[in-house]
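**Q** If you want the building blocks of each chain, they are given just below.
Protein chains: 2
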Amino acid sequence: MKKKIGLKDIAGFKISAVKAGIKASGSPDLGLIVADDMAVGSAVFTQNKVCAAPVKLSKANLKKNKGYIKAVVVNAGNANACTGTLGIKNAKACATLVAQKFSTKMESILLCSTGIIGEHLPMKKITDGITKSCLLINNNKTDAIFSKAIMTTDTVNKELGTTVNIGRKKIMIAGAAKGVGMIAPNMATMLGFLLSDIAIAPKVLNTILKEVVDDTFNCVTVDGDTSTNDTCIALTSGSAGNKIITSTKSEEAQKFKSALREVSYELAKKIARDGEGATTLIRVLVKNAGSRKGAYLIGKSIAESPLVKTAIAGNDPNWGRMMMAAGKSGVNFNESKVSISISGIKLFAKGAPLKFSHSKAVKALKKKEVTIDIDLGKKNSGIEILTCDLTHGYIEINADYHT
Amino acid sequence: MKKKIGLKDIAGFKISAVKAGIKASGSPDLGLIVADDMAVGSAVFTQNKVCAAPVKLSKANLKKNKGYIKAVVVNAGNANACTGTLGIKNAKACATLVAQKFSTKMESILLCSTGIIGEHLPMKKITDGITKSCLLINNNKTDAIFSKAIMTTDTVNKELGTTVNIGRKKIMIAGAAKGVGMIAPNMATMLGFLLSDIAIAPKVLNTILKEVVDDTFNCVTVDGDTSTNDTCIALTSGSAGNKIITSTKSEEAQKFKSALREVSYELAKKIARDGEGATTLIRVLVKNAGSRKGAYLIGKSIAESPLVKTAIAGNDPNWGRMMMAAGKSGVNFNESKVSISISGIKLFAKGAPLKFSHSKAVKALKKKEVTIDIDLGKKNSGIEILTCDLTHGYIEINADYHT
Numbered sequence: 265m266k267k268k269i270g271l272k273d274i275a276g277f278k279i280s281a282v283k284a285g286i287k288a289s290g291s292p293d294l295g296l297i298v299a300d301d302m303a304v305g306s307a308v309f310t311q312n313k314v315c316a317a318p319v320k321l322s323k324a325n326l327k328k329n330k331g332y333i334k335a336v337v338v339n340a341g342n343a344n345a346c347t348g349t350l351g352i353k354n355a356k357a358c359a360t361l362v363a364q365k366f367s368t369k370m371e372s373i374l375l376c377s378t379g380i381i382g383e384h385l386p387m388k389k390i391t392d393g394i395t396k397s398c399l400l401i402n403n404n405k406t407d408a409i410f411s412k413a414i415m416t417t418d419t420v421n422k423e424l425g426t427t428v429n430i431g432r433k434k435i436m437i438a439g440a441a442k443g444v445g446m447i448a449p450n451m452a453t454m455l456g457f458l459l460s461d462i463a464i465a466p467k468v469l470n471t472i473l474k475e476v477v478d479d480t481f482n483c484v485t486v487d488g489d490t491s492t493n494d495t496c497i498a499l500t501s502g503s504a505g506n507k508i509i510t511s512t513k514s515e516e517a518q519k520f521k522s523a524l525r526e527v528s529y530e531l532a533k534k535i536a537r538d539g540e541g542a543t544t545l546i547r548v549l550v551k552n553a554g555s556r557k558g559a560y561l562i563g564k565s566i567a568e569s570p571l572v573k574t575a576i577a578g579n580d581p582n583w584g585r586m587m588m589a590a591g592k593s594g595v596n597f598n599e600s601k602v603s604i605s606i607s608g609i610k611l612f613a614k615g616a617p618l619k620f621s622h623s624k625a626v627k628a629l630k631k632k633e634v635t636i637d638i639d640l641g642k643k644n645s646g647i648e649i650l651t652c653d654l655t656h657g658y659i660e661i662n663a664d665y666h667t
Numbered sequence: 265m266k267k268k269i270g271l272k273d274i275a276g277f278k279i280s281a282v283k284a285g286i287k288a289s290g291s292p293d294l295g296l297i298v299a300d301d302m303a304v305g306s307a308v309f310t311q312n313k314v315c316a317a318p319v320k321l322s323k324a325n326l327k328k329n330k331g332y333i334k335a336v337v338v339n340a341g342n343a344n345a346c347t348g349t350l351g352i353k354n355a356k357a358c359a360t361l362v363a364q365k366f367s368t369k370m371e372s373i374l375l376c377s378t379g380i381i382g383e384h385l386p387m388k389k390i391t392d393g394i395t396k397s398c399l400l401i402n403n404n405k406t407d408a409i410f411s412k413a414i415m416t417t418d419t420v421n422k423e424l425g426t427t428v429n430i431g432r433k434k435i436m437i438a439g440a441a442k443g444v445g446m447i448a449p450n451m452a453t454m455l456g457f458l459l460s461d462i463a464i465a466p467k468v469l470n471t472i473l474k475e476v477v478d479d480t481f482n483c484v485t486v487d488g489d490t491s492t493n494d495t496c497i498a499l500t501s502g503s504a505g506n507k508i509i510t511s512t513k514s515e516e517a518q519k520f521k522s523a524l525r526e527v528s529y530e531l532a533k534k535i536a537r538d539g540e541g542a543t544t545l546i547r548v549l550v551k552n553a554g555s556r557k558g559a560y561l562i563g564k565s566i567a568e569s570p571l572v573k574t575a576i577a578g579n580d581p582n583w584g585r586m587m588m589a590a591g592k593s594g595v596n597f598n599e600s601k602v603s604i605s606i607s608g609i610k611l612f613a614k615g616a617p618l619k620f621s622h623s624k625a626v627k628a629l630k631k632k633e634v635t636i637d638i639d640l641g642k643k644n645s646g647i648e649i650l651t652c653d654l655t656h657g658y659i660e661i662n663a664d665y666h667t
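Chains as they are written, first to last, in the working numbering: chain A, 265 to 667; chain B, 265 to 667.
Next up, chain A with everything else stripped away, as it sits in the complex (with noise of 0.2 Å):
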C-alpha cells in the first residue's frame, strides 16, 4: 500500500475542497470530484430503512444514468436527513447546481452528506462552497484536503492508494473514506471514495464493488449503529487505457478487484482504528465457523459486544465475555469445540479456561492492535471483523455532541 498515492493521483478526476462554513469549527466541509469526462460509477449505500435524503437522489440518479457520472459532492457537518420533502428539494438544487457548471444533466451528479441528522441544510453556505469549488476545479486547481473535507469525528483524514498492472498498462487506485461514529457492517457504514483510471464495463465494476464493500467496509462496526447516510462509491476514467474489462471472471477483473479490496480494506482498518474515542484497533479473526453467515454473526456480536470493548479498553484478557458474545450471536456451535487466544495467547482451549501469563496477556492488550482469534471448531469459513475498544472517550464525544 503506497500512502504517497492519492485521489489527486488519478488521471481523469479533478478533485476540489473549500470551507463552506457548514462545520461550526471552520474546518474544510465540502469536496467535489469531478470526472474530465463521464466516469463509469457504482456505488452501495446504507440499508438503514431510515435513509438521508442524498442517498434517495443518488440511488435514483445512479440508475437514471446507468451508471455514468460526472461529478460526486460531498459535505460534512449536516446529514439532511429525516428532513422530510424540504431535504430532498435542497438536495436536488445542489445536484442542478453543479450540473450546471459542467454543463451536464442533474442524473450524473452524486450526492453525499454527513453530520447531524435533522437539520436542513445550510443553502447559501452549500450554494456558495459548491460555485467555489466547481470554480477551483474549471481553473485547474486540484486541492488535495478533499479527504479532510468529509471528516465529521473523525481525528485523521484517510487516504491511500495503490498501483497494479494489467495487461502491460500500470492501473492506479486510490481512495478516501471517513468514519468514525454510527458505523456498523451494514452495508456501506461510511462514506468511501474510490478513484481509478482503469477502464472497465459499469456492470463489472458494480459486481466488484459489492463483493468487495461486503468483505471489507461492511466488516467494520465501531458501535453497531448504521448511520442514515453510508454511501461507498467507486468512480472509474478509463484514463489508463487499458483494453476495457467485460468480464468479471477475467484475470484483469480478478487483479483489478483484489488491488481495490487492498484499498478498501486499508481503508476499513483505518476508520475502526479511528472509531470514536478507540485507544486500540481491534481484528475479530473467526475461524472455522461452519458458514460465512455463521462467522459473520459471531464475529460481529464479539465485536459489538459493548463488554468485549471495554475489557479490551481495561487491557483485561477476560475470555468469558468473548464466549458469552459468540453464544448470544444466535448461531449453533459447541461449546467443547471453541477455543479463543487474544494476540497469539492462548487462553481458551476446546470448551476449558487454559493457564496463561497474565501480565504477558495484559502486555499484549496494551498495544495498538488486538487480534481475537475464536476458532469454533466446525469445518471451513472464517471471516474478519474490524472494530476498536470502548472508551471514555466514545462517551464524551456522544454524550455531548451538539454544545
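No wet-lab data here; the hints were simulated from the structure.
Do not take every clue at face value.
In this list, chains with the same sequence are indistinguishable; a pair is considered to hold if it fits within one copy or across any two.
[Claimed, not checked] The calculated BS3-like cross-link candidates involving lysine-lysine, where the alpha carbons are at most 30 Å apart (straight line), are:
no., residue 1, residue 2
1, K642, K313
2, K601, K356
3, K557, K313
4, K557, K320
Based on the hints, put chain B in the right spot on chain A.
**A** Chain B alone, transformed into the frame defined by chain A:
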C-alpha cells in the same frame, strides 16, 4: 406495589443468606430459598448458546422432577460458566449437598450462579456457606439479606411484593432480582426469584411465568449483552389455601398473572434504573408498529443504540439518533408517518422536524426517568422496552472489572 412485602413474607418458604467469602468484598454472596413442603416451580433460562453449568443442571432438574422444587441455592461472585466438565461436577455437588440437608433428591434443587465467567467455583467456601445457610433455615432463622447476597455490580438490592385477592383468599407475591450488566432482552436476562403462597398447577404456572417474563424482564436491556447465567424462577407454596388453579384461562389465573406481572415489571424497572453506570431510567414506548415483533425490534434497536444512550446521558434531545436506530432495526415503516416525543415534548411529527423549546427538553432529560415515545403510524401493537443511559460509569465498571 408494597415495598414492605419481601420474600420472607411468603408463607411456605424459608430464606437465608450468608457471607461465604466468594466475593472479594466480603459481602453476602450465598442465598438459599427452601420450601417447607415441595413447591410448584417454573423457570425460564438464558437463550445464550453458551450457558453456565447451573443453568444446564437446573433445566435438567426441573424437567426430571416435573416442576416440583424443594430449594434454590444461589451464589454471586462466580458464574461457573465456560468451566467444562468440572463446572458441571461442582454444580451437582452443590445441589447434592443441599438435597442431603433437607432429605430430598438432588433433582428437586435449582441452582443459580452469577459473577465472573471462566473460573471454577471455590468449592470449600461454597460448601461451607451452603452448610451454614441450611443450618440457619433448620433453626428457623429467616434472613432478609437474600436480595443482597445475589448482587454483583448492582448498587441497590431489588425486592418488592404485592397482594391479590383470589376467591376469599389473600394471595401474596414477592420477588427479588439482580442485574445489572450483561443484560439484554433475550430471555430472562438476569436472576429473578418470584415467590407466592398461591396454589396453582405446574403447567398453569409455567404458561403464566413465560408470558410475564416475555413482557417484563425480556423487555429490559442494559447493554445488549445476554448473560450465560440468566434465570428467572417462580415458586409457589400453596399455603394461601385457595382452590388450586388448573386453567390458564380462568379468572383466578388472569388475576394472579396480572399481579405477578406487576411485581416483575417493577423489578425490571429497578434493574434498568440500576444498569451499570446508569443515571437515567429510559422507557422506550413503541406505538402502532403493526406487529408485536416489529415493535420489539424497533424498541430494542433504540434502547440498545450507544448513540441514543449517550445522547440521553448528555441531556441531548437528539431524535435523529432515534430515527437512525429505528431504521437499522430492519423493520419496514414509512418515514413520513413517524412521530417522536421525549418525555411528552413533541420533536418530530409525520416525517418532519418540529420546532421545540430546547431548554425545556434539556430540563426533561435531566430527570431520573425519561420516556421516548415513537409512533410508527401503522395500526396495532406496541411495546415498552426498559433501558438506561450509557455513561462514563459503565466504562469504569467494565474496563476495570478484575482489578
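**Q** Now, for every hint given, state plainly whether the structure supports it.
**A** Quick rundown of the hints versus the structure:
1. Taking the shortest alpha-carbon separations for K642 and K313, only the inter-copy value of 15 Å comes in at or below 30 Å, while the best intra-copy value is 35 Å.
2. With identical chains, the CA atoms of K601 and K356 are at most 30 Å apart between copies only, with a shortest distance of 23 Å across copies and 55 Å within one.
3. Taking the shortest Cα distances, K557 and K313 sit within 30 Å of each other both inside one copy (22 Å) and across copies (16 Å).
4. In the homo-oligomer, the alpha carbons of K557 and K320 lie at most 30 Å apart both inside one protomer (28 Å) and across protomers (27 Å), since each shortest distance falls under that limit.
When held up to the earlier numbered hints, the structure conflicts with none and fits them all.
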